[in-house]
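Participant: These are the residues of each chain, in order.
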Amino acid sequence: MSNLEIQQILSRRKLLQLGARGFGALGAASLLNPSLFAEANPSSPFQGTLAGPHFKPAAKRIIYLFFSGGPSHIDMYDYHPEMRKNHGIELPDSIRNGQRITGMTSGQKSFPCVAPMFDFSRHGKNGSWFSEIIPNIASIADEITLVKSVHTEAINHDPAITAINTGVQQPGKPSMGAWLDWGMGSPNKNLPGYVVMISKGRGQSQALYDRLWGSGFLPSKHQGVKFRSAGDPVLYLSNPKGVSRDMRRSMLDGIAKINQAKKKESGDPEIDARIAQYEMAYRMQTSVPELVDLKDEPKHVLDLYGKDAMRKGSFAHNCLIARRLSERGVPFVQLFHRGWDQHGSLPSKIRQQCEDVDQPAAALVRDLKQRGLLKDTIVICGGEFGRTIYSQGKLTKDNHGRDHHGRCFSMWLAGGGIKAGFEYGKTDDFAYNIVENPVHVNDLNATVLQCLGIDHERFTYRYLGLDQRLTGVEHPKVIPELLA
Amino acid sequence: MGKSHTILAVLSFSLSVPVVGKESVSFNRDIRPILSSKCFHCHGPSEKSRKAKLRLDLQQSALADRDGTRAIVPGKLDESELWHRILSDDPEEMMPPPESKKPMTKQEIELFRQWLKDGAEWERHWSFGALEKPSVPEVGDPAWSRNPIDGFVHRSLRNRGLKPSPEADRRTLARRLHLDLTGLPPTPSEVKAFLDDKSPDAYEKLVDRLLASDGYAERMTLVWMDAARYGDTSVFHDDGPRTMWPWRDWVLDAYKNNMPFDQFTVEQLAGDLLPESTVEQKIASGFNRNHATTDEGGVIAEEFRVEYVVDRVKTTANVWMGLTMECAQCHSHMYDPISQEEYYRFYAFYNNNADPGMQTRRGNQAPVVNVQSADQRKRKEELEKRDAEISKKQEARRKEARKAFDEWTDEQFLNAGEKKTPVAPAGLVSHLPLDGFEKNLTPDLVRKDSECRLHGKAKPVGGAKFNGGLKIEGNGYLEVKGFKDPQWNKPFSYGCWVKTPNGNQNGAVFAKMDEGNSYRGFDLWFQNGKPGAHIIHKWQDNAVKVVGKKKVAAKKWQHLFITYDGSGRAAGTRVYLNGEKLDHTVEADGLTATIATDKPLRLGRRFGTSIVNGVEIDDVRFYDRELTSIEVQSLSGSDQITPLLAISASDRTPEQTKVLFDHYLHSLDKPFRELGKERDKIGGELASLGKTKITSMIMADNPANKMRKTYLLMRGQYSSPDKTKEFLPDTPAFLPPMKEDLPKTRLGLAKWIVDPKHPLTARVAANRHWQTIFGRGLSNTPSDFGSQGSWPTHPDLINWLAADFRDNGWNVKRAIRQMVTSATYRQSSVTRAEHLEKDPVNLYHARAPRFRMMGEFVRDNALAISGLLKRDFGGAGVKPYQPPGLWVEVSLSGGRKFIRDKGEKLYRRSMYTYWKRSAPQPALMAFDTPTREVCVLQRQRTNTPMQALVTLNDEQFVEAARHFARRILTSGAQTFSDRLNFAFEWATSRPADQLRIEVLQKFHDEQSKVFRDDPKRAEDLLSVGESPRDAKLDPYEHATWTLLASMILNLDETLNRE
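Here the protein sequences line up with chains A and B, keeping their order. For the first sequence, position 68 (counting from the first letter as 1) is numbered 68 according to this note's numbering, and the numbering increases by one without interruption. For the second sequence, position 1014 (counting from the first letter as 1) is numbered 1014 according to this note's numbering, and the numbering increases by one without interruption.
There may be inaccurate statements among the hints.
[As the list claims (entries may be wrong)] Below, simulated DSS-like cross-link-like pairs (lysine-lysine); rule was C-alpha separation at most 27 Å, straight line: (1) Lys241(A) x Lys102(B); (2) Lys102(B) x Lys56(A); (3) Lys226(A) x Lys897(B); (4) Lys1002(B) x Lys257(A); (5) Lys902(B) x Lys241(A); (6) Lys477(A) x Lys1032(B); (7) Lys56(A) x Lys101(B); (8) Lys263(A) x Lys163(B); (9) Lys48(B) x Lys477(A); (10) Lys477(A) x Lys101(B); (11) Lys133(B) x Lys53(B); (12) Lys392(B) x Lys380(B); (13) Lys264(A) x Lys1002(B); (14) Lys1032(B) x Lys241(A).
[To be verified] Short derived list, chain B residues pointing at chain A, Cβ under 10 Å: (15) Asp784; (16) Phe851; (17) Thr931.
These are calculated hints, taken from the structure and not from any lab test. Since we're looking at a predicted model, the values are computed, not measured. Glycine residues also receive a C-beta, built at the ideal position from the N, C-alpha and C atoms.
Next comes chain A alone, as it looks inside the complex:
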C-alpha cells in the first residue's frame, strides 16, 4: 500500500479534526467511518469524506423530481409556433439527419410531425412557453430556469435512466445521491442522507432499478434509503410485534454494555461505531415516523399541494415529505414518478400524468420559498429523455404517440444558486435538434455540483485504476449561464 492510499484512508482533515477534538474514545479504525467524524466538526459545511467545499456553496441540498419514462418536452415546454404549420408533414431528412432511432419506430414507413394537441401560452417575465396541461408549473416561471437543450446519447430507458442518474449508461457506478452522501454527508444524524421515494403514475410504467440510487463502487452505506408508502416507511424500521420502545431501549442498553466490555477485551475501536449505529437506528425509529406524519401540516399547506397531499404513495404526498426532509437538512431527496412512456395515446395520457404532478411540483417550490428554504435548496425536475416530434403509430385527429428522443429535451431547475426566471438552450422548430447552448446530462450534473460547492473534476474516487467521477470520463462542463 502506498502513502497515497493510506492518505486516502486516513485523510489529513480527519486527523486534524480528531486532533482538535481528542481521539481516545473513537480509536483508529473509526477513521474509516466518516459519519463519526461528521459529529466531530459540526461547523464544517460538509460532514462527509470531502475535506470541505471546493468553492463557496450556494446550496446545501437537492430535491430531484425525476419523471421516469421520458416526458414529452414537446407537449410540456419546448413549443415552437411553427409546429402547427408542420403538423402532418414528413419529418424532413435535413432534420432527422441520419440520426439513429429506436427499434420501435425504425421500421415505420412514415414519420409525420405532430404539433402538440394542447394550447401554449407565454408566462413569467421571461415569456417562456408553457403548455396548458402544466398551469401551476407555468405560474412559477419566474422562480425557475428552464433548460431546453438537455441531451443524452441514450435512446432507450434503461441506459438513459442509468446515465442521467450515475453518469454512464452501464451499471456499476454510484448514483448522484450516493456520491453526495459520500462526499458531503448529512447534518442530520437521525435520518438517512439520501432518501428516495417512488410514486406510480397512471401510464405504462418503465422499470426502475436499485442501481439508480445505488452506491456502485462507493461504500454501500451511501445507497439511497427508500421511504415507502406501505408498511414500514423505511424497511425493517418497526420493532417486532409485541416489542415496545421501552423494551427495545432495555435491549440496546444491554447490548451496549456487553459491546463495551468486548471493546475492552478486544481493543477493537470499530465496536464504538457499532454502538453508535445501533443508537442511530433507535433514533431513526422515531425520527422517521415523525417525519412522515403530516398531522402537524396546516390545511393551507395541504391545500397548496392539492387533493392528493394526504394520499400515501402519491407524488403530492412525496413532495410534501421531500420538503419536510429538506427542512431537516437531508441533503439529497429524489422522487421517482413513473408512467411517462407515451408511445401511444399521448394526448390523453400525458394530461393525466400532468394532473398528478403539476400542482405538487409547483407547490413544492412555493412552499420551500415561503419557508426561506429555496435559497439553499435546488429543485430539479425532468426525465431521462424527451420524445420525438414525429408520431409513433398512426396520427389521427386527436390521437398519436411519440417515441424516445435523446437529442434534446427539457428540464427545469430552481433554487439555491440557480438563476430565476430564465430560459437556456434552443432547439429547432421541430424540437428535434439543439441549435444553441447544448447541455449534456453530465454538464447538468456538473453544474448542480458547482452549486453545492463541489468541483466535479476534483470529486473523485479511485476505482479500477481510474479517478472515477459522477460526471463521467468525457469532458463535461459547468454551464455558468445557469448560475445566479
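Mind docking chain B on chain A? Use the hints.
Facilitator: Coordinates of chain B only, in the frame set by chain A:
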C-alpha cells in the same frame, strides 16, 4: 495509552514520508504511484494524449536527451528538468499543470527529491515481470513461525518495530476457522471436540475436515459469484428470470472437489471449446453468460452485443489478470501498456459469440445446454430402481399366473365353437352409428334422449365404414345435446372410425370442450396426422395430453380409440390406431380436477375451433370403462386373439401361446395389470422428468462460415468500426506471447492465462485467496494490478504465494490450508496500543484481523445458531422473507411479483437467495452484498444503522431468535447461567462471563415481568415468522428468551469474526 500520544503516532504515520526503518525510497512503492496518477495521463502509454513525446513510464524516454535538456538526470537534481517543473509556480511551466487539478503534495516532492538524489533507479512494474519464487526470509523467531508465510510477515513486522501477537485461544481458533472456511459457526460439540483433542495435529485435522465440507465449497463459491456477476435475472429493462444456477452448482462442485485453478479457469472461459466437451464443461463456460443482457423493445441489437463483448473482456481481465483492460476501449490505456489496437485484438477472442444483442426476458437465451438438476437425477435413479423392482415382480407373477392362464384358455377353447365373434365390450354409454338422419337429427343408440343435430355444411354420406357416416365440410358440425361429462378420476374410453383427406390432418374429430375456460373438457385429436387426446381441467397446468407417434394414412377408413384409466396421468391414457397401441409423446401430464363443461359435444370440431374440414366420421362410441387392448382390437376388427383361442393348448405353437399369455397377463390378470399400471406411471414420470427441461446458458462461437470480423471501434462506439483494418485475436505485447501451438481462440486465450509464465494470473489469485481469509488483500486493489493499483504490503510474500500456488498444481485447498495453518493466521486479534500507534489499519499483521462477517454469513449464522438452517447443497435459488411489494414498485408495469417461498426454502444458506439484480434482497444489500450487475472482486464492509434494523427487526432474525430461545429452553439447562452459557456457546463458541450473565439476568427478570403483565405481547412476539411456535413452552419465558436470544444475535462478538 495517552490520548495525545496516539494522535501524534497516527499523524506521523500518515503524514510523514513512508520511509520505514532503513529502507530508502522505492520506485515501485513510492514513485510510480505518483507518476501514474499525476503524470502518465500526458506522459504515459497513451499516444493520443501524450505531450512533448515524453514518456515517464519508460526509463529510456525519461532519461533521453531532448534538445539539451533531460527530464531526469539520475543523481542530479539541478540538471533534471522534471525537478524544476515540479518546483515551478509558473502556470506555463509547472508540472503537473494547474488545469489537471492534481498538484503535487509536499510529501510527494520530498519523495522525488530523495529518489532523484539517490540515483533515480527504475524498476519494472512489480506485477508485470516474470514470477519467480523469492527465498523465504530467515525467521527472526523460529519458535513462532509455522510456515514460510510467517518468515515474510515477521520480517516486515521487525522492520516496523512490531512483534506478532500470541496465539489465540483454542475456542477463538475453532470459531475463526469455521467462519473463515465455511461461513458458519461451529456447534458447541464441535468446539468441545477440538478442545478435547490433545493430539499435536488437532488443528490441522480440523482444518482438513472443514476444507472437505460442503460449507467450504459454499463459502468459496459465494466469493466467486461476486466475481462472475452471478444473478438469477437478466438485469436490463425487464430484468426477467434466467436459470444459471447449474453454473453456480458447477462452481460448488469444483470447489468441493478441489478442481485445480488452471482447469477451473479453462473450463469457465472456454469449456465449450474443449475437444468433445462434456455437459459440465459447457455449463462451466456459462461464466461469461452471467452478465447483464437486455430485452428492451427499442434497442439496437448491435449496440448491446458489443456491450456484452466489452463486459466479457473487462471481467476476464479484472478477475484473472488484475488488468483494467476496459480503459483501452475508447483510447489507449492511460496508465498501463495496453494500446487501443491491443484491446481490440483481445476483444476479438470474444467477438464471435453466438448469443444475440437482443435477448429474451423469458428465461434463458440460446445458446444453452440441457441439464439435469441433482433432484432430477436423484428422482430418475429412484424411478429406474423402482421400475426394475416391479419388473422383477411381474416376472414372478408371470410364473404364478401360468396355471390360471391354462385354465382360462381351456375354458375359452371349450366356448370358442359358439362364439364366432368376440363379445362386444361392456360399458357402452353412448353410440352414434351415424347411419340415418331425419330432419338433421340422428339417434344415439344408448342415450335415447340425446339430441344429435347437424349444423352447417356437415352432411350425411353413404358408404362409410358401416353404412352411413358423417362428412365435415366448411364450418359444419354435429352437436350432441345432453351428453354426460365423463369424470376425470374414473376410467372411460372413446373413439370412432375416421377417414381424413390427407395424412397431416390437424384438429378435433370430436370434443366436448370449452376453449374459453382454459380448454376444459376432452377431445379426440389430430396433430399433424398423429392421433391423440386432450383431457383437461386447465390447459396446461392441469391436464393430460398424449399424441401417438404414428400418423394415420390418408383417404382410408381407420379406427381411432382412446382409453383412460382415471388416474389423471398420461401413463394411464392410451392411443390406439387400428387396434394397435401406439407409443405416445406426453405433452401434459397431471390432471387433478373436473373436466366437466356446459359446452355440448360436437363432432368435427371443439366448441368453436380446431375444425376438421373434409374429415369423414363413423361409429362413434363412448364407454365408462377402460377398455382392454383386446376389446379395442375387436372394435377395430383387428382382433388377433379370438382366433387363437379356438386352437387347443396342445395344438398351439409356442409363439401362439406366448401371444395369448401376454394378452392374458396384460388384459385379464389383475395382479399383473396392477403392476403394469404402476410401471406405466413410472414411465410417465420418467418421460415428464425429461420434459421439464432445465437449461443453462453457455458460450458458443459462431460457425466457421459466419465468423464476425473485428475492427477497432473508434471512440469505443459500436457504430463506428474502422473498417480499414481487421484485427485478429491476440494478447497484449507487454505480456509473454501465446505459445505457438495454442489456437487463437477463447480456448487458446484461456490456456495462455494459466500459462506458468503469465506473470499476473497466479499473483492475482493468491491475493484474492489472502483477501478471502484475512479480509483484505496483500494488494488492496484485487482487480487492478496495473500501475494505478495498490502497492502490496508484502511484495515478496505475494510473489512467493503466487509462485508456490502455480508450482504446486494450482491447488486451491492447499493454498488456503497454507494460509490458515500459518502462525500469522493463528494470532490473537486483540488490538493493543502499539498496534494503533504503528499500524492502525493492520496492514502488517501484528495481530489477526477482527471484522464483521459477510452479510450472507450474518444471516447464515443466525439460522445456524437458532437451529433453523436447512443444509441442502446447490439447486435453484430460493425466496426467503422480504418485505412485500419491493419488486412490483419498480418492475416494468408492475409485472414482476415476488412470491415468497414456504417451509424449508426460507432457511437455506443465503448464497442460495434468488438474486434479482434490479431489486436484490434488501436485508443482504444492507450488509454490503453487491447487486452483481457487474463483476466485484472486493466487497465494502460498512457499519450502518440499517444493519441494526435488519438484525433486530427483520422477520427472519426475529424468528431465528424465537427458535434460538426454544433451543436454549429445551437444552436441559435449568439455571439462568447454565442456559446463558449454552446460548453463548452457540453464538460465540464460549460460555458467558460474569458481566454478561449479570447484564442479561437483569434484563431477563425485568422483561419476563413485562410479558406476564401483558400476555398479548408474548403471543405477538412468538407469532413472528412462518414456523409454528413450540406450544409446550411457557409463552412468557419463551418470549423473554426470544428477546435475550435477539440480543445475543446482535452482539458485536456474534457478528464479528475475531
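Participant: Look at each hint and say if it fits the structure.
Facilitator: How the hints compare with the structure:
1. Lys241(A) x Lys102(B): The hint is violated at about 55 Å.
2. Lys102(B) x Lys56(A): holds (20 Å)
3. Lys226(A) x Lys897(B): holds (18 Å)
4. Lys1002(B) x Lys257(A): holds (12 Å)
5. Lys902(B) x Lys241(A): holds (21 Å)
6. Lys477(A) x Lys1032(B): Given pair Lys477(A), Lys1032(B) is violated - Cα atoms ~70 Å apart, limit 27 Å.
7. Lys56(A) x Lys101(B): Measuring from Cα to Cα gives roughly 18 Å; hence the hint holds.
8. Lys263(A) x Lys163(B): holds (22 Å)
9. Lys48(B) x Lys477(A): holds (22 Å)
10. Lys477(A) x Lys101(B): holds (15 Å)
11. Lys133(B) x Lys53(B): violated (37 Å)
12. Lys392(B) x Lys380(B): holds (18 Å)
13. Lys264(A) x Lys1002(B): holds (21 Å)
14. Lys1032(B) x Lys241(A): Given pair Lys1032(B), Lys241(A) holds - Cα atoms ~21 Å apart, limit 27 Å.
15. Asp784: holds (5 Å)
16. Phe851: holds (8 Å)
17. Thr931: For Thr931(B), the interface hint holds, since the closest Cβ of chain A sits about 6 Å away, which is under 10 Å.
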